[in-house]
Amino acid sequence: MADTLFAALHALLTFDHLLYMFLGVAVGLVIGVIPGLGGIAGLSLLMPFLYGMDEISALAMLIGLVAVIPTSDTFSSVLMGIPGSSASQATVLDGFPLARQGQAARALSAAFISSMFGGIFGAVVLTGFVVVARPLILMFGSAELFMLALFGLSMVAVLAGRSLPKGLAACAVGLLIGSIGGAPATGEFRMTFGLDYLYDGIPLVIVGLGLFAIPEISDLLRRNAAISDQPALGKGWGAGFRDWYSNIWLSLRCSGMGCMIGAIPGLGGSVVDWIAYGHAVQTSKNPETFGTGDPRGVVAPESANNAMQGGALLPTMLFGIPGSGSMAVFLGGMVLLGIEPGPSMVQANLNVTYSVIWSLAVANIMGAGICLLLAVPISRLTQIRFPLLAPFMISLICFAAFQATRDIGDLLALLFVGVVGVLMKRFGWPRPALLIGFVLAPQAETYFYQALQFYDWGFLTRPGVIVIGLMALASVIFGLRNRVDDQGHVVSADADTPEHEGRWTSRAPQIVFAALMLGFLALGLTDALGQSFLALVFPASAAVVGIAMVLWLLPELVAGHRGHVAHFDSELDGELVGQPGYGRLWGGLGWIGGLVLVSALVGFYAAMIAFFLAFLRIRARAGWVQSVILTAAAAGFILGIAYMLNLNFPAGLLQAQLDLPWPFR
Amino acid sequence: MTDFTTFTRRRALGLALAAAMLPAGAGAAWAETDFSGKTIEWIIPFSAGGGSDTWARFNAPLLGKYLPGNPTVVVVNEPGGGSTKGANLFAARAKPDGLTLLGTSGSTQFPYLLGDPRVKYEYKDWKVAMASPTGGVVYGAPGLGIAAPADIAKLKDQKLTYASQGATSLDLVPLLGFRLLGLEVQHVFGFKGRGDGRLAFERGETNIDYQTSSAFITNVTPLVEAGQAVPLFSWGVLDEAGNIVRDPNFPDLPSFPEAYEMMTGQKPSGADYDAYVAFFTAGFPAQKMAFLPKDTPDDIVATYQAAFEAMKSDADYQANKEAVLGNYEQVTGALAQALFEKGTTISPENRKNVVDMLAADYGVRLGE
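So the sequence lines, in the order shown, correspond to chains F and A. The first sequence maps to residues 1 to 665 in our numbering. The second sequence maps to residues 666 to 1033 in our numbering.
Just so you know, the hints here were simulated from the structure itself, not pulled from any lab data. Warning: the hint list may mix true and false statements.
[As the list claims (entries may be wrong)] Keeping only pairs whose Cα atoms sit at most 16 Å apart, straight-line, the calculated EDC-like set for lysine to aspartate or glutamate is:
| id | chain 1 | residue 1 | chain 2 | residue 2 |
| --- | --- | --- | --- | --- |
| 1 | A | Lys-1017 | A | Asp-937 |
| 2 | A | Lys-1007 | A | Glu-870 |
| 3 | A | Lys-1007 | A | Asp-904 |
| 4 | A | Lys-821 | A | Glu-849 |
| 5 | A | Lys-824 | A | Glu-870 |
| 6 | A | Lys-959 | A | Asp-790 |
| 7 | A | Lys-785 | F | Asp-196 |
| 8 | A | Lys-760 | A | Asp-790 |
| 9 | A | Lys-986 | F | Glu-340 |
| 10 | A | Lys-857 | F | Asp-200 |
| 11 | A | Lys-1007 | A | Glu-849 |
| 12 | A | Lys-730 | A | Glu-974 |
| 13 | A | Lys-824 | F | Asp-456 |
| 14 | A | Lys-959 | A | Glu-787 |
| 15 | A | Lys-760 | F | Asp-659 |
[As the list claims (entries may be wrong)] Chain A regions said to be covered by chain F (calculated; three or more residues, Cβ under 8 Å):
| id | region |
| --- | --- |
| 16 | 713-724 |
| 17 | 738-747 |
| 18 | 775-785 |
| 19 | 836-846 |
| 20 | 914-927 |
We put the CB at the ideal spot given by N, CA and C, even for glycine.
Work out the full structure, taking the sequences as your base and the hints as a guide.
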């Protein structure tokens, strides 16, 4: 076995193989930087080139790409507060404040070192476990998977924010949104409202971008200035390394969690960053600084998300079961290379497995190294006036969003979720709680139903179930002790917010929003009650809990004493209030909405060009020359990616009437 | 930006490729259809990474190599609506110029056969260019008291559990098949794929399962050797006369009709069996098909069929066909036509029976 291990390393370390790996790493870094684009898009880009390549080069290239996406997605999380992918949403909470304080270098280096450590940790775990992992993975049956989904949901306790009913209601709304589409037990379609788009449910990337990217962009636009008024990176490369080193045990624990979450088939890993962040807060003795630029808030999620990729390779290679969308594409790539996943991967094909593992380790080092080198030039972006950057970010996010199903509905859904995200941020409803509910809803429902079918209620007495159940319970108890809000700030139950003049005018918007949430929950309940028992029980339970929480919240909002924790409106209390030169709340959303609506009329590509020119001329007040150059650059870049992805842009009404050539088709 | 209006995608690359390949293209036999410098879009109504996507990405470069003029063949993923969206798009938009191809799967055939209201495509309009058969093997747990395929009758009256992807998914074939055999099977739904289902079998949560042939060979054979699984029968393949016969990959295993005879003592027949055969054909022998749009001229169809035939002797095809196609040969011509017709035809009564049974026993409502 050791022979095979080193023979595989020896085979990998040739110029050709490393060159292909570098190619994969380079594409992965670029794709990772772009918010919303991740492994699926990156691997699809490389797929056509696999044809005729030798196994080791091809695997090195694919793994190189997969490995570094959670490294480079940190750039936009830290520098702009816009998550680079769903695996680095939590990094924003502390990474972005550090960047605004002029400590971007510190945050980035801590993140890259953690990423590298997590990635190598994943590779080491793979090396040791791949041969013995089969029976371990088989220990997780549907009952245990259900409990793991509950464990994930238990993180809502720590992420619930200032007001517990708000947090739980947000989670219930997430569970309800997550149950849109076909019911796992009967295939009945829930909450589709006659829209074809909703039959498959709302894609994760849309929910992630809508909740986290769009509110940040609209905030940055309101500020109207460069993201950072500090020197680009500041000092602190060494400090970043020390931040990681002094939290090495946290980094190790989070790497272990990431690896495990990745390795268990069916769990996915899209909330691994939140679980790691929640864990860091729960286990901290002095959590007060979280959310204000605490390096632990960077180290934890970044260690976990890179380690997860190593774990995720286990079920992919051993069982042929991809844990995530990008692993599904990777699996397809393996088959195209003539490699069939299965038990042979630790027998006859062990050399292939080990070359994958070495690739993972080497690519992580390569990726972190390149990111450290690129940090200085990339961080200059934060000194550009944001209105000049905004059209790029908005277009890229829309582009990433319609990778989900390549439908105009993706853009409309993005806009809709974006509005919800902006309002949740404004009124202090915790977005991570909604996201966790959304991601875990299908898993919790499916595995609960399956566990009942296989074991009846007896599943509750299985040892694995009891152990994970106790972990979830501990997580709730620790979580309630150190609760953090949307921005990562630790809150105590009696925190006071100032009461504002005009009791009703200051409270009315919050009350209206809570009532709208109540309306959505009631709608979900009504829809559920029209289904058969197996299809209704899960969404109906989520809706009932959610309704109870809003009904607890509403009286607090209406009649609560001055400064009750339930009250929050960033338009009254937020950091932007009273500062000169800030734009209106709806300014940014208005532009995004305009792009989406014009796309629905004339198709995305034409709409994007018009949007760019209009935005730069009217909003950013750029000159004609600058506007045209920037528009052409953006149009060329998007066209290039679309061309390589063989992508048709979403069509509008115009395309239904006229047969236009690509890319306007 | 107006420059883009005069250029089609990959035009430049296509021209360069065509120039490079010119000597090879010039010697080709099909002079009347020439795709030099063209880009052919192969629409796959599924996301990147699944079986159909891999199948198309395996075939696409070979198809480009053997079509006259060596066009660039690109795979375009149009997922959504359980593959009905991409197929609808193809039906509404594709022109009969041989530049657009659709790859379908059992998941595209089944909603059509069941009369799903989301289906706005009509198979009978299209021209089949190639059909790619597949097969599978049903196996059980030794705990059921079985040791060999001959023990299948022992399954009667035992409580069986099967991990299913859903009543209207490809797992409709085992659902109908087990009913015909008179087995009492609890179908537990919500599994993400057959691999996911196999895991449930290995964990002991289910005691009957099936895998497609290549997955059976790589993943279940070790279980059989370890005494943890007992193969029972293969679904079988269609011979040229349209009979279901033993799968050549598993000559020692009975086919489904044989298993039926072992269970009941009679040869299978009747309306329920006809309904089963329609879904079986759509799900296995005609599982993946490549179609050209309505009104495509016959010479273009013939050109495609010739290319699909010619690629079979290519070294790259030979090298990877086992991993991708699982040892089943892709077919064209009359054979493909026969599979296509049989796999997309069901009588209205049989359809109604299946839909009513799914509604009554499994609470299935095809989205209204």
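query = Which of the listed hints are not met by the structure?
reply = 2, 11, 18, 19, 20
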